Amino acid sequence: MERYEGKNLDEALENAARSKGCSKEDLTYNVLSEKQGLFGFGSKVEIEAYFDGDIEKFIIKYLSTYFDGIEMQVDVKCKKEDYFFKVELDAENNAILIGKKGQTLQDINNVVKAAASSAFKKRVIVVSDINGYKEEKYHKECSMALRVAKTVQKTKINASLDPMPNDERKAIHSYLVNMPRIRTVSEGDGKERHIVIVYDENKH
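Numbering (numbering that gives the first Met the number 0), first residue to last: 0 to 203.
These are calculated hints, taken from the structure and not from any lab test. It cannot be assumed that every hint is accurate.
[What the hints assert, rightly or not] In silico DSS-like links for lysine-lysine, alpha-carbon gap of 30 Å or less:
{"id": "1", "residue 1": "K136", "residue 2": "K60"}
{"id": "2", "residue 1": "K34", "residue 2": "K136"}
{"id": "3", "residue 1": "K23", "residue 2": "K139"}
{"id": "4", "residue 1": "K100", "residue 2": "K149"}
{"id": "5", "residue 1": "K190", "residue 2": "K6"}
{"id": "6", "residue 1": "K139", "residue 2": "K76"}
{"id": "7", "residue 1": "K6", "residue 2": "K85"}
{"id": "8", "residue 1": "K121", "residue 2": "K202"}
{"id": "9", "residue 1": "K79", "residue 2": "K19"}
[What the hints assert, rightly or not] Here are the in silico distance ranges between beta carbons for each label pair:
{"id": "10", "residue 1": "K23", "residue 2": "G131", "range": "17 to 25 Å"}
{"id": "11", "residue 1": "V110", "residue 2": "K79", "range": "33 to 41 Å"}
{"id": "12", "residue 1": "N29", "residue 2": "G131", "range": "15 to 23 Å"}
{"id": "13", "residue 1": "N7", "residue 2": "A113", "range": "15 to 23 Å"}
{"id": "14", "residue 1": "Q35", "residue 2": "N14", "range": "16 to 24 Å"}
{"id": "15", "residue 1": "M71", "residue 2": "N177", "range": "25 to 33 Å"}
{"id": "16", "residue 1": "E80", "residue 2": "A113", "range": "14 to 22 Å"}
Fair warning: this is a prediction, and the values are worked out from it, not measured in the lab. All C-beta atoms, glycine included, are put in the ideal place defined by N, C-alpha and C.
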(Lines of atoms letter the chains of each structure in order from A and count residues from 1; the text may use other names and numbers.)
(Lines give C-alpha, C1' and ligand atoms only; values in the text may rest on other atoms or scores of the structure.)
Protein backbone atom coordinates (compact mmCIF):
# COMPACT_ATOMS: atom_id res chain seq x y z
CA MET A 1 0.00 0.00 0.00
CA GLU A 2 1.15 3.54 -0.69
CA ARG A 3 2.14 5.90 2.10
CA TYR A 4 1.17 9.54 2.57
CA GLU A 5 2.13 12.30 4.98
CA GLY A 6 0.52 15.44 6.33
CA LYS A 7 0.73 17.87 9.22
CA ASN A 8 -2.30 16.07 10.63
CA LEU A 9 -4.52 13.09 9.74
CA ASP A 10 -6.95 15.17 7.71
CA GLU A 11 -4.18 16.61 5.55
CA ALA A 12 -2.63 13.16 5.04
CA LEU A 13 -6.02 11.84 3.91
CA GLU A 14 -6.49 14.80 1.58
CA ASN A 15 -3.09 14.12 0.02
CA ALA A 16 -3.97 10.45 -0.45
CA ALA A 17 -7.38 11.22 -1.94
CA ARG A 18 -5.90 13.81 -4.31
CA SER A 19 -3.25 11.37 -5.48
CA LYS A 20 -5.75 8.59 -6.08
CA GLY A 21 -8.51 10.74 -7.57
CA CYS A 22 -11.11 9.72 -5.02
CA SER A 23 -12.81 11.25 -1.98
CA LYS A 24 -11.51 10.94 1.57
CA GLU A 25 -14.63 8.96 2.44
CA ASP A 26 -13.64 6.27 -0.08
CA LEU A 27 -10.30 5.62 1.63
CA THR A 28 -9.34 2.85 4.02
CA TYR A 29 -6.26 3.80 6.00
CA ASN A 30 -3.89 2.90 8.84
CA VAL A 31 -1.90 5.43 10.82
CA LEU A 32 1.76 4.36 10.71
CA SER A 33 3.32 7.13 12.78
CA GLU A 34 2.32 10.37 14.44
CA LYS A 35 4.76 13.06 15.56
CA GLN A 36 3.67 15.91 17.78
CA GLY A 37 5.52 19.17 17.09
CA LEU A 38 6.25 22.01 19.47
CA PHE A 39 3.43 24.58 19.61
CA GLY A 40 1.89 22.98 16.54
CA PHE A 41 5.03 23.25 14.41
CA GLY A 42 6.74 20.19 13.00
CA SER A 43 3.76 17.89 13.50
CA LYS A 44 3.59 14.98 11.04
CA VAL A 45 1.27 12.05 10.46
CA GLU A 46 2.13 9.16 8.13
CA ILE A 47 -0.54 6.81 6.85
CA GLU A 48 -0.96 4.01 4.37
CA ALA A 49 -4.18 4.22 2.41
CA TYR A 50 -6.09 2.59 -0.40
CA PHE A 51 -9.54 2.53 -2.01
CA ASP A 52 -11.50 0.00 -4.03
CA GLY A 53 -9.81 1.13 -7.25
CA ASP A 54 -6.45 0.07 -5.86
CA ILE A 55 -7.76 -3.44 -5.19
CA GLU A 56 -9.18 -3.64 -8.71
CA LYS A 57 -5.82 -2.59 -10.20
CA PHE A 58 -3.96 -5.07 -7.98
CA ILE A 59 -6.16 -7.99 -9.06
CA ILE A 60 -5.85 -7.11 -12.76
CA LYS A 61 -2.06 -6.74 -12.53
CA TYR A 62 -1.67 -9.91 -10.46
CA LEU A 63 -3.63 -12.07 -12.88
CA SER A 64 -2.15 -10.45 -15.99
CA THR A 65 1.37 -11.10 -14.67
CA TYR A 66 0.45 -14.71 -13.91
CA PHE A 67 -1.02 -15.39 -17.35
CA ASP A 68 1.92 -13.64 -19.06
CA GLY A 69 4.23 -15.93 -17.08
CA ILE A 70 2.61 -19.05 -18.49
CA GLU A 71 2.40 -17.42 -21.95
CA MET A 72 -1.38 -17.48 -22.06
CA GLN A 73 -3.25 -14.54 -23.52
CA VAL A 74 -6.19 -13.73 -21.26
CA ASP A 75 -8.23 -10.54 -21.08
CA VAL A 76 -8.70 -9.60 -17.40
CA LYS A 77 -11.29 -7.17 -16.08
CA CYS A 78 -12.23 -6.39 -12.48
CA LYS A 79 -14.95 -4.24 -10.94
CA LYS A 80 -16.30 -3.81 -7.41
CA GLU A 81 -19.90 -5.01 -7.10
CA ASP A 82 -21.68 -4.69 -3.75
CA TYR A 83 -19.43 -6.43 -1.21
CA PHE A 84 -17.19 -8.36 -3.65
CA PHE A 85 -14.83 -7.85 -6.59
CA LYS A 86 -16.10 -9.37 -9.84
CA VAL A 87 -13.33 -10.67 -12.11
CA GLU A 88 -14.10 -11.37 -15.77
CA LEU A 89 -11.65 -13.57 -17.69
CA ASP A 90 -11.67 -14.27 -21.41
CA ALA A 91 -9.20 -16.39 -23.40
CA GLU A 92 -9.08 -18.17 -26.75
CA ASN A 93 -9.77 -21.45 -24.97
CA ASN A 94 -11.92 -20.68 -21.96
CA ALA A 95 -12.55 -24.36 -21.29
CA ILE A 96 -8.95 -24.71 -20.08
CA LEU A 97 -9.45 -21.88 -17.59
CA ILE A 98 -12.73 -23.33 -16.35
CA GLY A 99 -11.40 -26.87 -15.92
CA LYS A 100 -13.34 -29.96 -14.93
CA LYS A 101 -16.48 -28.95 -13.04
CA GLY A 102 -15.07 -25.43 -12.75
CA GLN A 103 -12.18 -26.52 -10.51
CA THR A 104 -9.45 -24.60 -12.37
CA LEU A 105 -11.51 -21.41 -12.27
CA GLN A 106 -12.11 -21.95 -8.55
CA ASP A 107 -8.38 -22.48 -7.94
CA ILE A 108 -7.58 -19.25 -9.78
CA ASN A 109 -10.19 -17.47 -7.70
CA ASN A 110 -8.77 -18.81 -4.43
CA VAL A 111 -5.21 -17.75 -5.32
CA VAL A 112 -6.10 -14.18 -6.30
CA LYS A 113 -8.38 -13.83 -3.26
CA ALA A 114 -5.53 -14.89 -0.95
CA ALA A 115 -3.07 -12.55 -2.69
CA ALA A 116 -5.38 -9.52 -2.49
CA SER A 117 -6.31 -10.24 1.13
CA SER A 118 -2.64 -10.45 2.06
CA ALA A 119 -1.67 -7.28 0.18
CA PHE A 120 -4.42 -5.15 1.70
CA LYS A 121 -4.46 -6.81 5.14
CA LYS A 122 -8.21 -7.49 5.03
CA ARG A 123 -10.60 -10.15 3.76
CA VAL A 124 -11.12 -9.42 0.08
CA ILE A 125 -14.00 -11.34 -1.50
CA VAL A 126 -13.39 -12.22 -5.16
CA VAL A 127 -15.75 -13.88 -7.63
CA SER A 128 -14.14 -14.91 -10.92
CA ASP A 129 -16.22 -15.71 -13.99
CA ILE A 130 -15.67 -16.67 -17.63
CA ASN A 131 -18.33 -15.79 -20.19
CA GLY A 132 -21.12 -16.10 -17.64
CA TYR A 133 -20.10 -19.60 -16.52
CA LYS A 134 -20.50 -18.76 -12.83
CA GLU A 135 -23.81 -16.98 -13.32
CA GLU A 136 -25.16 -20.06 -15.10
CA LYS A 137 -23.73 -22.26 -12.34
CA TYR A 138 -25.45 -20.14 -9.65
CA HIS A 139 -28.73 -20.45 -11.54
CA LYS A 140 -28.44 -24.25 -11.78
CA GLU A 141 -27.38 -24.68 -8.14
CA CYS A 142 -30.18 -22.43 -6.86
CA SER A 143 -32.80 -24.21 -8.99
CA MET A 144 -31.61 -27.56 -7.65
CA ALA A 145 -31.61 -26.26 -4.06
CA LEU A 146 -35.16 -24.96 -4.49
CA ARG A 147 -36.37 -28.39 -5.61
CA VAL A 148 -34.71 -29.99 -2.59
CA ALA A 149 -36.13 -27.32 -0.26
CA LYS A 150 -39.67 -27.97 -1.52
CA THR A 151 -39.18 -31.66 -0.75
CA VAL A 152 -37.96 -30.77 2.74
CA GLN A 153 -41.07 -28.64 3.23
CA LYS A 154 -43.28 -31.60 2.39
CA THR A 155 -41.40 -34.37 4.17
CA LYS A 156 -40.04 -32.30 7.12
CA ILE A 157 -36.77 -34.22 6.69
CA ASN A 158 -33.52 -32.25 6.44
CA ALA A 159 -31.39 -32.71 3.33
CA SER A 160 -27.68 -32.20 2.64
CA LEU A 161 -26.39 -30.88 -0.67
CA ASP A 162 -23.11 -31.85 -2.28
CA PRO A 163 -19.97 -29.91 -1.22
CA MET A 164 -19.49 -26.67 -3.15
CA PRO A 165 -17.36 -23.49 -3.09
CA ASN A 166 -18.14 -20.65 -0.71
CA ASP A 167 -19.57 -18.32 -3.38
CA GLU A 168 -22.04 -20.97 -4.57
CA ARG A 169 -23.15 -21.67 -1.00
CA LYS A 170 -23.71 -17.95 -0.46
CA ALA A 171 -25.85 -17.80 -3.59
CA ILE A 172 -28.07 -20.59 -2.26
CA HIS A 173 -28.27 -19.10 1.24
CA SER A 174 -29.45 -15.80 -0.26
CA TYR A 175 -31.84 -17.50 -2.68
CA LEU A 176 -33.65 -19.49 0.01
CA VAL A 177 -33.45 -16.96 2.87
CA ASN A 178 -37.14 -15.95 2.65
CA MET A 179 -38.58 -19.41 1.98
CA PRO A 180 -41.17 -20.37 4.63
CA ARG A 181 -40.20 -23.21 7.03
CA ILE A 182 -36.78 -23.51 5.39
CA ARG A 183 -33.44 -22.61 6.94
CA THR A 184 -30.00 -23.23 5.43
CA VAL A 185 -26.74 -23.88 7.30
CA SER A 186 -23.22 -24.70 6.14
CA GLU A 187 -21.48 -27.71 7.68
CA GLY A 188 -18.16 -29.50 7.19
CA ASP A 189 -14.61 -28.28 6.64
CA GLY A 190 -12.54 -27.34 3.61
CA LYS A 191 -13.62 -28.91 0.35
CA GLU A 192 -16.22 -31.00 2.20
CA ARG A 193 -18.15 -27.93 3.37
CA HIS A 194 -21.74 -28.17 2.20
CA ILE A 195 -25.24 -26.81 2.78
CA VAL A 196 -27.86 -28.54 4.87
CA ILE A 197 -31.45 -27.53 4.13
CA VAL A 198 -33.26 -27.63 7.45
CA TYR A 199 -37.00 -27.83 8.11
CA ASP A 200 -37.97 -25.09 10.62
CA GLU A 201 -41.68 -25.05 11.50
CA ASN A 202 -41.25 -21.71 13.30
CA LYS A 203 -39.97 -19.85 10.22
CA HIS A 204 -42.70 -18.11 8.27
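We went through each hint and held it up to the structure:
1. K136 / K60: 27 Å, holds
2. K34 / K136: 53 Å, violated
3. K23 / K139: 41 Å, violated
4. K100 / K149: Status holds; Cα separation ~26 Å.
5. K190 / K6: Violated, at about 50 Å.
6. K139 / K76: Distance ~25 Å between K139 and K76 Cα, so the pair holds.
7. K6 / K85: Between K6 and K85 the Cα gap is close to 37 Å, so the pair fails against 30 Å, i.e. violated.
8. K121 / K202: 34 Å, violated
9. K79 / K19: 16 Å, holds
10. K23 / G131: 17 to 25 Å: Cβ of K23 to Cβ of G131: about 37 Å, so the range 17 to 25 Å is violated.
11. V110 / K79: 33 to 41 Å: Given a distance of about 19 Å, which is not inside 33 to 41 Å, the answer is violated.
12. N29 / G131: 15 to 23 Å: For G131 against N29, whose Cβ atoms are near 38 Å apart, the range 15 to 23 Å is violated.
13. N7 / A113: 15 to 23 Å: Since N7 and A113 have Cβ atoms about 36 Å apart, the given range 15 to 23 Å is violated.
14. Q35 / N14: 16 to 24 Å: At roughly 19 Å between Cβ atoms, N14 and Q35 fall inside 16 to 24 Å, so the hint holds.
15. M71 / N177: 25 to 33 Å: Check failed, 42 Å falls outside 25 to 33 Å.
16. E80 / A113: 14 to 22 Å: 20 Å, holds
In the structure shown, a violation is registered for the earlier hints numbered 2, 3, 5, 7, 8, 10, 11, 12, 13 and 15, in ascending order.
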